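Visitor: Spelled out, the chains give:
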Amino acid sequence: MTMIFGVPLAVFMGQLMLGLINGAFYALLSLGLAVIFGLLKIVNFAHGAQYMLGAFAALLALEYLGINYWVALLLVPLVVGGLGMVIERYLLRRIAHLDHLYGLLLTFGLALIAEGSLVNLFGVSGSSYPTPAALQGGINLGFMFLPTYRAWVLVAALVVCLGTWFIIERTRLGAYLRAGTENSALMQAFGVNVPLLVTLTYGFGVALAAFAGVLAAPLYPVSPTMGSSLLIVVFAVVVIGGMGSILGAIITGLSMGLIEGLTKVYYPEAANTVIFLVMILVLMLRPAGLFGKET
Amino acid sequence: MATTQTLTPAMERQRNARLRRGLLYLVLIAIGLAAPFVAYPVFLMKVLCFALFACAFNLLLGYAGLLSFGHAAFLATGGYVTGYLLASYPGLTPELGILAGTLAAVVLGTLFGALAIRRQGIYFAMVTLALAQLVFFVFVQSPFTGGEDGLHGVPRGELFGLISLRSNLAMYYFVFAVFLIGFAIIQRTVHSPYGQVLKAIRENEPRAVSLGYNVDAYKLLAFVLSAGLAGLAGSTKTVVFQLASLTDAHWHMSGEVILMTLLGGVGTLFGPLVGAGLVVSLQTQLAQSPLGNWVSVILGLIFVLCVLSFRSGIVGEIAKSVRKNFK
Amino acid sequence: MTFLRKTLASGIALAATAMMATGAQAEISDNAVRIGYLADMSGTYRDLAGPGGLVALEMAVEDFGGSVNGAPIEVFSADDRNSADVGANTVRGWFDQENVDLVAGLVASSVTIAVTNVLKEHNGLGIVSGSAASSITNEHCTPNHIHWVYDTYPLANGTAKAVVEQGGDSWFLLTADYAFGHALEGDVIKVVEDSGGTIVGKIRHPFPTNDFSSYILQAQGSGAKIIGLANAGADTVNAITTASQFGVVQGGQQLAGLLIFLSDVHAMGLEATQGLLLTTGWYWDMDDEAREWAERYYERTERMPTMVQAGIYSSTMHYLKAMEEVGTDDPMTVKTRMAGTPVNDFFSRNGRIREDGRMVHDMYLAQVKSPDESTGEWDVYEILATIPAEEAYRPLSESQCDLVQN
Chain C
1 MTMIFGVPLA VFMGQLMLGL INGAFYALLS LGLAVIFGLL KIVNFAHGAQ YMLGAFAALL
61 ALEYLGINYW VALLLVPLVV GGLGMVIERY LLRRIAHLDH LYGLLLTFGL ALIAEGSLVN
121 LFGVSGSSYP TPAALQGGIN LGFMFLPTYR AWVLVAALVV CLGTWFIIER TRLGAYLRAG
181 TENSALMQAF GVNVPLLVTL TYGFGVALAA FAGVLAAPLY PVSPTMGSSL LIVVFAVVVI
241 GGMGSILGAI ITGLSMGLIE GLTKVYYPEA ANTVIFLVMI LVLMLRPAGL FGKET
Chain Z
1 MATTQTLTPA MERQRNARLR RGLLYLVLIA IGLAAPFVAY PVFLMKVLCF ALFACAFNLL
61 LGYAGLLSFG HAAFLATGGY VTGYLLASYP GLTPELGILA GTLAAVVLGT LFGALAIRRQ
121 GIYFAMVTLA LAQLVFFVFV QSPFTGGEDG LHGVPRGELF GLISLRSNLA MYYFVFAVFL
181 IGFAIIQRTV HSPYGQVLKA IRENEPRAVS LGYNVDAYKL LAFVLSAGLA GLAGSTKTVV
241 FQLASLTDAH WHMSGEVILM TLLGGVGTLF GPLVGAGLVV SLQTQLAQSP LGNWVSVILG
301 LIFVLCVLSF RSGIVGEIAK SVRKNFK
Chain R
1 MTFLRKTLAS GIALAATAMM ATGAQAEISD NAVRIGYLAD MSGTYRDLAG PGGLVALEMA
61 VEDFGGSVNG APIEVFSADD RNSADVGANT VRGWFDQENV DLVAGLVASS VTIAVTNVLK
121 EHNGLGIVSG SAASSITNEH CTPNHIHWVY DTYPLANGTA KAVVEQGGDS WFLLTADYAF
181 GHALEGDVIK VVEDSGGTIV GKIRHPFPTN DFSSYILQAQ GSGAKIIGLA NAGADTVNAI
241 TTASQFGVVQ GGQQLAGLLI FLSDVHAMGL EATQGLLLTT GWYWDMDDEA REWAERYYER
301 TERMPTMVQA GIYSSTMHYL KAMEEVGTDD PMTVKTRMAG TPVNDFFSRN GRIREDGRMV
361 HDMYLAQVKS PDESTGEWDV YEILATIPAE EAYRPLSESQ CDLVQN
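Residue numbers (the working numbering), protein chains in the order written: chain C, 1 to 295; chain Z, 1 to 327; chain R, 1 to 406.
None of these hints come from the bench; they were simulated from the model. This one's a predicted model, so the numbers in the text were calculated from it and none came from an experiment. Where is the CB? At the ideal position from N, CA and C, for every residue including glycine. One should not assume that every hint holds.
Among chain Z residues calculated to face chain R with C-beta under 7 angstroms, some are [unchecked claim]:
id: 1; residue: Val42
id: 2; residue: Val140
id: 3; residue: Gly146
id: 4; residue: Asn293
With the sequences and hints as input, model every part of the structure.
Guide: Here it is, written out as structure tokens:
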């Protein structure tokens with residue numbers, strides 16, 4: 001059997017695969033943060049809560065309305081994204097002219113409210129969301145048994161990430177968005193409805209988080225606290241990659257998943273901390289982040 | 001000659017202001033001395049510890065414009081180091097334990113600061129949050145913290161080996177003295193030339209750079225000072241409650257100290273004191289009421305309200321209305 | 001100097017205690033029995049005890065008649081938010097301002113240990129129902145508290161021993177990498193090896209861990225018959241869910257949960273948990289008496305009680321009965337009577353309170369039913385065996401508690 005650093009090749013490949021799947025979640029979430037940051041210049045601290053709301057909405061929709069997974073995958077991001085737009089229109093816009101730190105604090109408060117309310121309504125143990133029938137079972141890849149659902153998560157997340165990249169880099173709407181990021185006053189002068197663009201962008205970023213939440217629902221117990229600790233890791237990922245580039249966010253997310261996956265094999269004790277250690281390293285060697293543009 | 005001796009109106013106003021401030025400090029100290037006979041001393045000590053923590057945080061946010069989302073790490077480091085030393089070495093007096101805890105926080109603050117000031121604004125907040133989370137995980141795994149069980153049985157001991165701190169009253173006056181020392185350091189820093197440069201950096205960093213100030217050194221010093229004082233608060237808190245636990249290292253704690261400062265008034269000397277008092281009282285009252293389960297929701301609501309329409313905080317708003325009405 | 005002062009101080013404290021004891025002997029102080037319920041009402045352990053535990057406590061007070069020898073029983077509660085200093089502070093306040101007689105609930109181990117220190121300082125009485133740490137009646141024992149429902153010792157040992165005896169003799173351990181997990185891991189390794197089994201591998205995973213797929217994959221590769229989960233709460237839930245996705249049970253391996261509760265199994269569902277072996281202190285469907293009480297509880301809360309919630313009722317009843325008999329609320333007098341009375345009710349069989357404060361009682365080895373076997377939402381366990389009280393808990397001969405004469 002081929003060994004890589006004392007680990008059989010098959011196990012090594014399997015762990016890489018799992019790392020990539022976790023990385024897909026990091027990529028989706030940091031992508032959402034990057035999109036929001038681009039135009040609004042705020043860090044959306046409610047991103048973890050919105051990811052959690054996505055998972056919860058899918059669960060509740062299934063339990064009370066009988067809406068199945070596939071419909072939820074489309075519907076939930078729209079609903080949660082809509083909620084995001086309401087938040088932007090009535091709360092974030094009121095403080096848009098202030099220091100951007102206020103945006104971070106406001107969204108932090110919103111996250112506390114969302115988490116606390118759901119804990120009181122549904123408890124904290126979490127509930128499980130059944131794996132959709134079409135994706136049950138697994139695929140034998142030769143080197144590992146890969147549950148079909150995880151394979152689907154990887155594919156779906158990558159498609160959405162690349163789709164987002166395409167929209168932003170290759171379409172007219174994306175061009176407006178990028179122009180707005182550079183100089184929103186000028187855009188306004190050209191007759192583009194910038195406030196609407198901002199609302200839509202925030203809604204889209206939130207929808208990405210909710211989409212990640214629905215994807216995660218069959219994998220992890222759906223509980224009100226599922227988003228908050230994940231968010232801090234995603235913050236570290238964002239610091240490592242920098243929020244300047246869409247493709248950068250995707251690549252950093254995936255590679256951090258891989259690094260974490262390998263740590264789980266060689267030194268599991270450090271699995272929770274490795275991404276933070278990478279962040280420290282990056283800060284020392286390349287303070288602006290791997291793909292960062294800002295000083 | 002004669003004209004230099006008479007006071008100009010401006011100088012007189014300044015002198016009066018200084019007098020008024022001195023009087024205010026005296027009144028507050030008198031209140032602090034009398035307080036344990038009116039209110040429950042353990043509660044007051046908790047308020048003072050968190051007030052010092054919030055004041056330390058405010059030094060960084062209010063005067064240097066740096067939002068740290070990782071201050072819990074310093075509070076916890078101070079607490080754990082002090083707790084571990086006092087529990088393991090029975091001969092150690094509490095003030096030495098507290099000193100060691102504070103120093104540990106200073107060292108950690110230097111490391112954090114050196115890394116975090118490489119990024120600005122929102123990134124600074126995220127970097128500090130991530131670093132604090134790293135520290136949290138280290139504390140969970142280290143054997144000396146007791147993990148989830150926490151560190152227990154820290155003796156209050158005898159101050160300087162002479163005065164027993166077992167009684168709540170003696171403990172209170174010690175904590176009050178620690179708070180006054182911490183507060184005095186902050187007050188002096190803010191009003192010193194160094195504090196003025198710090199404010200200049202907050203208002204316009206490129207300009208401060210162009211004036212030839214070593215901005216990074218100024219920021220780092222502010223960060224280390226703030227971390228050390230937060231560690232002092234954590235160390236003192238551990239001696240009061242005789243325990244250290246993971247709650248202090250959790251990112252919720254970093255959020256709470258932001259809330260205290262924001263509610264009381266960012267960039268005001270007394271704001272954090274008022275904010276800490278209010279938040280701690282609120283938590284204590286809510287915990288024993290039917291609304292107990294909703295504490296985090298209520299804190300979240302206060303956050304949102306503060307940011308939306310109450311950004312100067314309580315002390316800030318009062319100062320504004322005083323300036324408007326009495327000028 | 002210091003020595004003299006200390007002796008003097010403790011002498012005064014002793015005298016004061018003695019005076020208080022004799023003074024209170026005759027009656028119930030200030031003619032009220034005050035019970036403070038301290039638990040996590042909003043965080044991780046909410047479903048284990050939380051608001052439901054308060055309901056159980058209030059049921060006990062109602063069933064007792066609302067007063068002891070004419071003195072009304074008052075119940076108040078607080079959320080400790082899983083914070084040791086909030087918990088200790090609350091209880092300190094209860095002593096200084098409310099004159100509390102009994103502190104009940106007590107869930108997170110860090111809070112419990114902090115609170116027992118306060119109980120000792122104020123010579124109060126506490127009954128711990130929710131905490132898992134066996135250290136609470138071992139190195140952290142005090143004369144002022146009783147540990148009622150369970151601890152990690154019987155959970156880990158009961159399960160490990162029974163599993164090895166059933167042929168599960170090779171183990172792979174997933175351990176939460178902090179003090180609690182290390183202790184549990186040590187206990188399990190000892191029991192497995194003493195019973196003739198082998199440990200083929202172990203991984204210490206960070207606490208908390210969200211994604212267990214990597215560890216489950218490694219456990220699968222190890223070829224062990226049993227995957228033991230030396231972790232708790234969300235970690236255990238995550239590990240079990242992931243194992244089910246990776247077809248661990250179908251692959252011929254079995255899971256053994258060392259610290260798992262009814263609320264966890266209910267939350268995960270039977271699809272993911274079927275076949276899981278675990279030890280429990282009580283199960284609502286184990287006999288008629290248990291069912292009768294559980295159904296009354298269900299009417300109020302629409303959830304079946306966990307063993308902790310049942311234990312809160314049982315311990316409160318035992319406390320109130322003892323107080324009625326001795327006619328005083330002096331903590332040590334009541335505790336002595338409680339310890340002198342065997343505990344036999346719907347919750348506890350062959351129960352007695354040992355000198356280290358541990359209430360030992362029969363424990364049960366259970367297996368989670370498959371979805372086909374289950375007849376309802378809460379029909380989840382099958383009781384396989386009874387572990388007698390005297391065998392279940394850590395023997396006093398191994399105790400580090402300084403109340404135990406070794």
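Visitor: With reference to the structure, classify each hint as holding or not holding.
Guide: Verification of the hints:
With 7 angstroms as the threshold, the beta carbon of Val42/Z comes within range of chain R, its nearest partner Cβ sitting at about 6 angstroms, so the hint holds. Taken as an interface hint, Val140/Z checks out: its beta carbon lies about 5 angstroms from the nearest beta carbon of chain R, inside 7 angstroms. The closest approach between the C-beta of Gly146/Z and any C-beta of chain R is roughly 5 angstroms, which is under the 7 angstroms cut-off, so the hint is satisfied. Taken as an interface hint, Asn293/Z checks out: its beta carbon lies about 5 angstroms from the nearest beta carbon of chain R, inside 7 angstroms.
In this structure, every one of the numbered hints holds.
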